[in-house]
Amino acid sequence: MAPLLEISNLSVRFHSDKAEVFAVNGLDLSLDTGKAIAIVGESGSGKSTVMMAVMRLLQSNASITGQVKLDGTDVLQLPEKAMRRLRGKEMAMVFQNAGSSMNPTKTIGDQMIEPMLFHHMASARDARQVAVKLLHQVGIPDPEERLNNYPFEFSGGQLQRVMIAMALIADPKLLIADEPTTALDVTVQAEVLILLKKLQRERGMGLVFVTHDLAVAAQVADDIYVMYGGFVMERIAASELTTHLVHPYLRGLVQSIPKIDGPRTELPYIPGQPISITGGLPDGCVFASRCDKRFVKCHERPRHISISQQHSVSCWLAEGGVEQA
Amino acid sequence: MFMYIIKRLFYMALAFLLVSIVTFGLMKAAPGTFLINTQMLGGVQAATDLNIPPQLMNSFIKEFHLNSPWYVQYWFYLKGFVTLHFGYSIEYPSLPTMSLIKRTFPLTLGLAFSATVVGTIVSIVLGVIAAVKEHTWVDSTTMFIATLGTAIPSYVTAIVLMLVFGVWWRILPILGFQGIQHYILPVAALVIPVVGSMSRYMRNSLIESLHSDYIVSVYAKGGGMRQAVFGHALRNSLLPLITVVGPQLAGLLMGTVIIENLFGLPGMGQVFANAAQQKDYPLIMVSTLLYAVVIMVMNLLVDLTYGGLDPRIRKIGYVQGR
Ligand SMILES: Nc1ncnc2c1ncn2[C@@H]1O[C@H](COP(=O)(O)OP(=O)(O)O)[C@@H](O)[C@H]1O
Ligand SMILES: [Mg+2]
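Residue numbers (the working numbering), protein chains in the order written: chain A, 1 to 325; chain B, 1 to 322.
The shape of chain A in the complex, shown without the other chains:
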């Protein structure tokens, strides 16, 4: 069976007055129906850009190359009209900041039913029935009355639940969640994560979960893609994360996760600044400038090589075998 989402060799560049931004540089990714993947990386590593390219919602200063296949159709080749038929229906998106991603002057009911109205799936009245059910499912009390409330009448966590319900209303096959819990308190964060995971399982959706938090990624996803400087550094199964990881960048990320049961030592962090991708890229590995395992080879850009079926990495250390790491 073909994957639900298959991205090959995706590159995105932003053109601005001053310089070109190399936001995404030849990214491969694949997601099967009913599975969840996570894209992890520091801020600015290109995570949102990839997702916005999939939705074809990037600003006009972006140029995109490569392939983004949804159910075998390359969405990058679709005319805007056909694209609109996919957005909100085949693939839906939950954004990071629920507060600003909802219109402050419209009731959440009116906003929630829009995907069904835009796609002529139901009358407004029927759509509201669906919305009530969904609000109940995502754990909003008194959904009937709440439908007539405005975004400012909800807490951040509740509003994020509303956004999730809104994304699910047209029953999409693919749900993209771009840092859906980053703006929330830790306890609320956990609740929303559990909810998202539960809904994904129940509905058998494909889920792309974008986060900068590796621990969260490991909880939610089957597969983890680690991004840096617009490249995938390593793709690894969540279950193998701590045992089989290869890339020094990923090692750095894993070590900086606080351990609840461990001794209270100062957390190691990856020294240096994230690479600047404005103006151009270095010839060699983009992580080399911050890498403690750097050697001569790193002046050349490493290929993305497969180690096993679900495990691939862009690092010269992997070329000679995993054990070197």
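Heads up, some of the hints might be wrong.
Result set (DSSO-like, lysine-lysine): computed pairs, CA atoms no more than 30 Å apart in a straight line [said to hold, decoys possible]:
1) B:Lys315 with A:Lys133
2) B:Lys62 with B:Lys79
3) A:Lys18 with A:Lys35
4) A:Lys106 with A:Lys35
5) A:Lys106 with A:Lys69
6) A:Lys18 with A:Lys106
7) B:Lys133 with A:Lys18
8) A:Lys173 with A:Lys89
9) B:Lys133 with A:Lys106
10) A:Lys106 with B:Lys7
11) A:Lys35 with A:Lys173
12) B:Lys133 with B:Lys102
13) B:Lys279 with B:Lys7
14) B:Lys133 with A:Lys89
15) A:Lys106 with A:Lys81
16) A:Lys89 with A:Lys133
17) B:Lys133 with A:Lys81
18) A:Lys198 with A:Lys173
19) A:Lys89 with A:Lys18
20) B:Lys7 with B:Lys62
21) A:Lys106 with B:Lys315
Now the in silico label distances, taken between C-beta atoms and shown as ranges [to be verified]:
22) A:Glu42 with B:Arg226: 47 to 55 Å
23) A:Asp17 with B:Ala151: 24 to 32 Å
24) A:Glu42 with B:Val244: 40 to 48 Å
25) A:Ala2 with B:Arg226: 32 to 40 Å
26) A:Leu57 with B:Tyr11: 38 to 46 Å
27) B:Ile316 with A:His120: 17 to 25 Å
28) A:Ser16 with B:Thr136: 18 to 26 Å
29) B:Thr136 with A:Thr65: 23 to 31 Å
Since the hints were made in silico from the structure, they are not lab data. From the three backbone atoms N, C-alpha and C, an ideal C-beta is built for every residue, glycine too.
For chain A, the structure is supplied; the task is to place chain B with the ligands on it using the hints.
Below, chain B with the ligands alone, put in the same frame as chain A:
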């Protein structure tokens, strides 16, 4: 919403009191005013200064309680205005000021009101067109014409309009008032400068709304430009526009004074201008307050519209993060 309206009305009453005190104070302080009256000679002195017949002066002394302290005078001034007992003026001693206002005020009000409505609608339409076609020739042409409208003073616009439509093409009347068609050119002359700045404001406001996060959400749900503009952005971009409509209205109302004179319209504007020229203080006092009341009522309407458009204002009375 109820509390919001009560609050607005309260502020309006407060503003009215303030304007009336300031008007009264200024009138008392103005040179040669009849209100400077000491029991002995003020009234007589002022009367000779202003060429007022002694018996009229005496009736003023009675009407304006000039023999009492200032706060009593002020109280009767206020009471007279609120109960619509406007008394008589110096310029028109045989005509009650009330009937003078009745005869002239509706025309001015109609002029200001239609100019406001037309101006707002035209500004919104032009602003939307320019914003939707952002950075195209449609956008730049619309905005260039709008700027021309603002750059040229309204009396010049008025004369150009009279020349083109009244003298060359002879399709519209340019003088006097005998029917609705006499409104067209004066309204146009009032509206054109206002539209210039307001349509630009509308354009920028709508463009800003269209770049908000919640518009990305609309597209992510499968919406298009139409849904984004008319379903979401337009309403929100009206909010900042409405806040500038208020001050524009005051300017517009003052504009009617000039425009009425130019087009020979028998409105309040002419009465007011004459009163100011002739130092007809009783009439100035009444008409100033009347203009103030009109501006306040229009601002109240603006505020109510605002509350109607923004649920945050309606429900909690303010917007967070502004
Ligand atoms: N419209 C744009 N124009 C120019 N640069 C952009 C634009 N959008 C994003 N970028 C740049 O692309 C890079 C990747 O951004 P983004 O995908 O938002 O990262 P992430 O989501 O991982 O934090 C950043 O350096 C950002 O500044
Ligand atoms: Mg992001």
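> Is the Cα-Cα distance between Lys133 of chain B and Lys106 of chain A 30 Å or less?
Replying inline: 25 Å, holds
> Is Lys62 of chain B within 30 Å of Lys79 of chain B, Cα to Cα?
Replying inline: OK: Lys62 of chain B and Lys79 of chain B at ~15 Å, within 30 Å.
>> Need the status of pair Lys133 of chain B, Lys81 of chain A: alpha-carbon distance at most 30 Å?
In response: Holds, because 19 Å separates the two Cα atoms, which is no more than 30 Å.
> Given the hinted pair Lys18 of chain A and Lys35 of chain A, is their alpha-carbon gap at most 30 Å?
Replying inline: 41 Å, violated
> So the hint says 24 to 32 Å: do the beta-carbon atoms of Asp17 of chain A and Ala151 of chain B match that?
Replying inline: 30 Å, holds
> Is it true that the CA of Lys315 of chain B sits at most 30 Å from the CA of Lys133 of chain A?
Replying inline: 26 Å, holds
> Quick one: are Ala2 of chain A and Arg226 of chain B within 32 to 40 Å, going by C-beta?
Replying inline: 34 Å, holds
>> Quick check: does the Cβ-Cβ distance between Leu57 of chain A and Tyr11 of chain B fall within 38 to 46 Å?
In response: At roughly 44 Å between Cβ atoms, Tyr11 of chain B and Leu57 of chain A fall inside 38 to 46 Å, so the hint holds.
> Is the Cα-Cα distance between Lys133 of chain B and Lys102 of chain B 30 Å or less?
Replying inline: Violated - the C-alpha atoms of Lys102 of chain B and Lys133 of chain B are around 47 Å apart, more than 30 Å.
>> Hinted pair, alpha-carbon criterion (30 Å max): Lys89 of chain A, Lys18 of chain A. Please report holds or violated.
In response: The hint is violated at about 37 Å.
> Quick one: are Ile316 of chain B and His120 of chain A within 17 to 25 Å, going by C-beta?
Replying inline: 36 Å, violated
> For the pair supplied as a hint, Lys106 of chain A and Lys7 of chain B, is the alpha-carbon distance within the 30 Å limit?
Replying inline: 24 Å, holds
This entry does not satisfy hints 3, 4, 5, 6, 12, 13, 19, 20, 22 and 27, going by the numbered hints stated previously.
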